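Visitor: Taken in sequence, the protein lines are chains A and B. Just so you know, the UniProt record's numbering puts 26 at position 26 of the first sequence, and the rest follows in order with no gaps. Just so you know, the UniProt record's numbering puts 104 at position 104 of the second sequence, and the rest follows in order with no gaps.
Hints were generated in silico from the structure; no laboratory data involved. Owing to the predicted nature of the structure, the values given are computational and were not obtained by experimental measurement. Warning: the hint list may mix true and false statements.
Copies of one chain are not kept apart here, so a pair can be met inside one copy or by any two copies together.
[Unchecked claim] Straight line, CA to CA, 27 Å or less: simulated DSSO-like cross-link-like pairs of lysine-lysine: (1) Lys57 to Lys335; (2) Lys375 to Lys58; (3) Lys374 to Lys57; (4) Lys58 to Lys335; (5) Lys136 to Lys375; (6) Lys302 to Lys292; (7) Lys97 to Lys154; (8) Lys288 to Lys244; (9) Lys58 to Lys244.
Protein chains: 2
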Amino acid sequence: MECDDYGLTRTLERENLNLNPLQRGGVLPAEAREALYEFSDGYSICDYCEGRLDQIKKPDINRFLDDLADFINIDLVRTVHGAREGKFAVMHALCNKGDTIIVDGNAHYTTHLAAERNHLKIIETPNNGHPTFEIKPETYKQTLEDAIDKTEIKLAVLTHVDGDYGNLTNAKAIASTCKKLGVPLLLNCAYSMGRMPIDAKDIGADFIVGSGHKSMAASGPIGVLGMTSEWEDTVLKRSERHEKKEIEMLGCTSRGAPIATLMASFPHVKERVQRWDEEVKKTRHFVKEMEKLGEIIQLGVKPKEHDLVRFETPIFDNIARSHPRRGFFLYEELKRRRIVGIKRGQTRWFKCSVYSMTMEQIEYIINTFKDIIKKYQP
Amino acid sequence: MECDDYGLTRTLERENLNLNPLQRGGVLPAEAREALYEFSDGYSICDYCEGRLDQIKKPDINRFLDDLADFINIDLVRTVHGAREGKFAVMHALCNKGDTIIVDGNAHYTTHLAAERNHLKIIETPNNGHPTFEIKPETYKQTLEDAIDKTEIKLAVLTHVDGDYGNLTNAKAIASTCKKLGVPLLLNCAYSMGRMPIDAKDIGADFIVGSGHKSMAASGPIGVLGMTSEWEDTVLKRSERHEKKEIEMLGCTSRGAPIATLMASFPHVKERVQRWDEEVKKTRHFVKEMEKLGEIIQLGVKPKEHDLVRFETPIFDNIARSHPRRGFFLYEELKRRRIVGIKRGQTRWFKCSVYSMTMEQIEYIINTFKDIIKKYQP
Ligand SMILES: Cc1ncc(COP(=O)(O)O)c(C=O)c1O
Ligand SMILES: Cc1ncc(COP(=O)(O)O)c(C=O)c1O
Chain A
1 MECDDYGLTR
11 TLERENLNLN
21 PLQRGGVLPA
31 EAREALYEFS
41 DGYSICDYCE
51 GRLDQIKKPD
61 INRFLDDLAD
71 FINIDLVRTV
81 HGAREGKFAV
91 MHALCNKGDT
101 IIVDGNAHYT
111 THLAAERNHL
121 KIIETPNNGH
131 PTFEIKPETY
141 KQTLEDAIDK
151 TEIKLAVLTH
161 VDGDYGNLTN
171 AKAIASTCKK
181 LGVPLLLNCA
191 YSMGRMPIDA
201 KDIGADFIVG
211 SGHKSMAASG
221 PIGVLGMTSE
231 WEDTVLKRSE
241 RHEKKEIEML
251 GCTSRGAPIA
261 TLMASFPHVK
271 ERVQRWDEEV
281 KKTRHFVKEM
291 EKLGEIIQLG
301 VKPKEHDLVR
311 FETPIFDNIA
321 RSHPRRGFFL
331 YEELKRRRIV
341 GIKRGQTRWF
351 KCSVYSMTME
361 QIEYIINTFK
371 DIIKKYQP
Chain B
1 MECDDYGLTR
11 TLERENLNLN
21 PLQRGGVLPA
31 EAREALYEFS
41 DGYSICDYCE
51 GRLDQIKKPD
61 INRFLDDLAD
71 FINIDLVRTV
81 HGAREGKFAV
91 MHALCNKGDT
101 IIVDGNAHYT
111 THLAAERNHL
121 KIIETPNNGH
131 PTFEIKPETY
141 KQTLEDAIDK
151 TEIKLAVLTH
161 VDGDYGNLTN
171 AKAIASTCKK
181 LGVPLLLNCA
191 YSMGRMPIDA
201 KDIGADFIVG
211 SGHKSMAASG
221 PIGVLGMTSE
231 WEDTVLKRSE
241 RHEKKEIEML
251 GCTSRGAPIA
261 TLMASFPHVK
271 ERVQRWDEEV
281 KKTRHFVKEM
291 EKLGEIIQLG
301 VKPKEHDLVR
311 FETPIFDNIA
321 RSHPRRGFFL
331 YEELKRRRIV
341 GIKRGQTRWF
351 KCSVYSMTME
361 QIEYIINTFK
371 DIIKKYQP
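Looking at chain A on its own, in the form it has when it is part of the complex (with noise of 0.2 Å):
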């Protein structure tokens, strides 16, 4: 059975402080362990099933999903398998084959697969470049105004929080303008359902889609498909032959463990999001200090408004070039200082979070960033 050992045990999240902004929201709580263990079995969740899973009373999905509706305050909410699988279902349900829809310039790849998945054309909001890289309000209007002239533009696709910069966008202002210019707004909250408070209906998206496993505290794959009441004939429209099972989520989506986990992760991701300030807090503070390091520059919009930072790091990047280890350096010093989640290899500039940690945890990875420096300092 050797040649079966796939490498299964998985201790870096035990045994490390781990940076990786993309893991850092999706840490179960105890909670969530559990429901995972009861519900490991293929199919368990359909014990009880009469024919659609969103409509399951044990567990008790139906009514989870009516909460979590009212927790980003939208009218009503399914599963999927990610926030790619909601774009995708949205941009099918409303477009056809050669359509245009219009993305902003910071928008996550999976976007623009869900888009391509379709065969659609992309118009692009540019950001404003180096060293904020925001899209600006008054850009995507002009180019969805530049756009309309043209063309028919099915669909404005929005980052509500991108995963380059960690840049929060006014999507208020564009949902506005969307609503305007009668182009129906998707906020592809992968980054922020979750971690921060979302509302809907004041932002005035007509879709919305978070990640369960990125920013929800559950086990993946699993997403969030929110969407205002006005488009429920059209996205979760009924098969002919079938009639209970909506087509676009082809009958049933998350048949499996992941939904108990974000069932059971609920009332601490619901606790956590009144916390947001706190965080925003520590990543200010976490910059804040990093910078005093010098020749680390923080990118995006300043002061944070997200966990996610990205660095500039110059300073790295002059100690790989003369280091034997070259590139590699960074991230086995911090590794043996047992810390990871920058990608090896990487010196010039590097994303990461210290999201949910304590101060002491952020404290330790500073004084780390600043003994690696004081190292090579010549």
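Given chain A's structure and the hints, the job is docking chain B with the ligands onto it.
Guide: What follows is chain B with the ligands alone, placed relative to chain A:
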């Protein structure tokens, strides 16, 4: 917080014998429960990702997928979210809106939904009706030939073992017809892959899908999509903008714990398919003894070649007529004796499976049915 109690405890499988065919093949062995624990956190499978889930080396998803391709003897495989998502992806990659495909009359509703979501027309090969409901290769051939006379058929779908009668189709004969007529064949092995040996090359299928949570002892949602290399460029086409990413997979599919359980269960699954003959023997014994009770008739092909059994049960329907609990009596009598998995209220017919049960457990189940009948004998 009491309003957040969604009832996330599941004792059904621990405390009862579960006859639900949907769930018999999805029970996790201990090693898969461990893997679930290790990879419970969101995106934990992505620790060492360099841009493609299927190429991750730690855990060794890359080698696992090769081993999985060998296991079903096909050129290459990807994991998807389930059998339905695999069928949708193949149809989406091969067909255009309005195209026509052929499916068998025992196809699962998810085959219909995958086609409907792709806006495809369906031509159906009928089964031969009561009591065996067989899909005959000659009927499939005739239907396909007639269809081709009228329109172009872009894809043929065949259910290897269907979920209504548990009939095993003659996939090899039908594949040979499809090959002769130049129509690619997608074989839906949701109920067979992971239970019985599958040799896609020997059968001659172009595509094959499996269901991890249904028949491969995995936690859901996860499925397997296999294909011959001739289809790689069509189905696994890469994005123009994000050149590593496969469009139809939206970049990555199983970014979560389910893939870890599929990998951990693989040795167990490989071993158990070798014992498939024993399972069939147990099923035949179960059917024989149940039919002896009188007015219990196995539908579908005889003798059974799969563990899913559908019984017509006039005996229980007669009892229900005069029972104060009506159709619920059977469910309740069984439940009292710790047997579950037969739908509440059903007495005219039911589906069940004794897959992976011991002979003692099977005898207990047979005796329980016998006792219930005796209790209500006039
Ligand atoms: C902004 C953004 N959108 C979408 C995604 C993809 O999320 P999911 O895995 O739920 O599809 C990510 C993941 O990194 C992201 O950062
Ligand atoms: C024959 C058949 N195909 C497909 C499916 C769906 O499988 P999945 O949940 O993996 O999409 C089922 C599930 O019951 C089935 O019986």
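Visitor: Each of the hints needs a verdict: does it hold here or not?
Guide: Evaluated hints:
no.	hint	verdict
1	Lys57 to Lys335	between (46 Å within a copy, 19 Å between copies)
2	Lys375 to Lys58	neither (58 Å within a copy, 31 Å between copies)
3	Lys374 to Lys57	neither (59 Å within a copy, 35 Å between copies)
4	Lys58 to Lys335	between (44 Å within a copy, 17 Å between copies)
5	Lys136 to Lys375	neither (42 Å within a copy, 76 Å between copies)
6	Lys302 to Lys292	within (15 Å within a copy, 78 Å between copies)
7	Lys97 to Lys154	both (11 Å within a copy, 19 Å between copies)
8	Lys288 to Lys244	neither (54 Å within a copy, 36 Å between copies)
9	Lys58 to Lys244	within (19 Å within a copy, 41 Å between copies)
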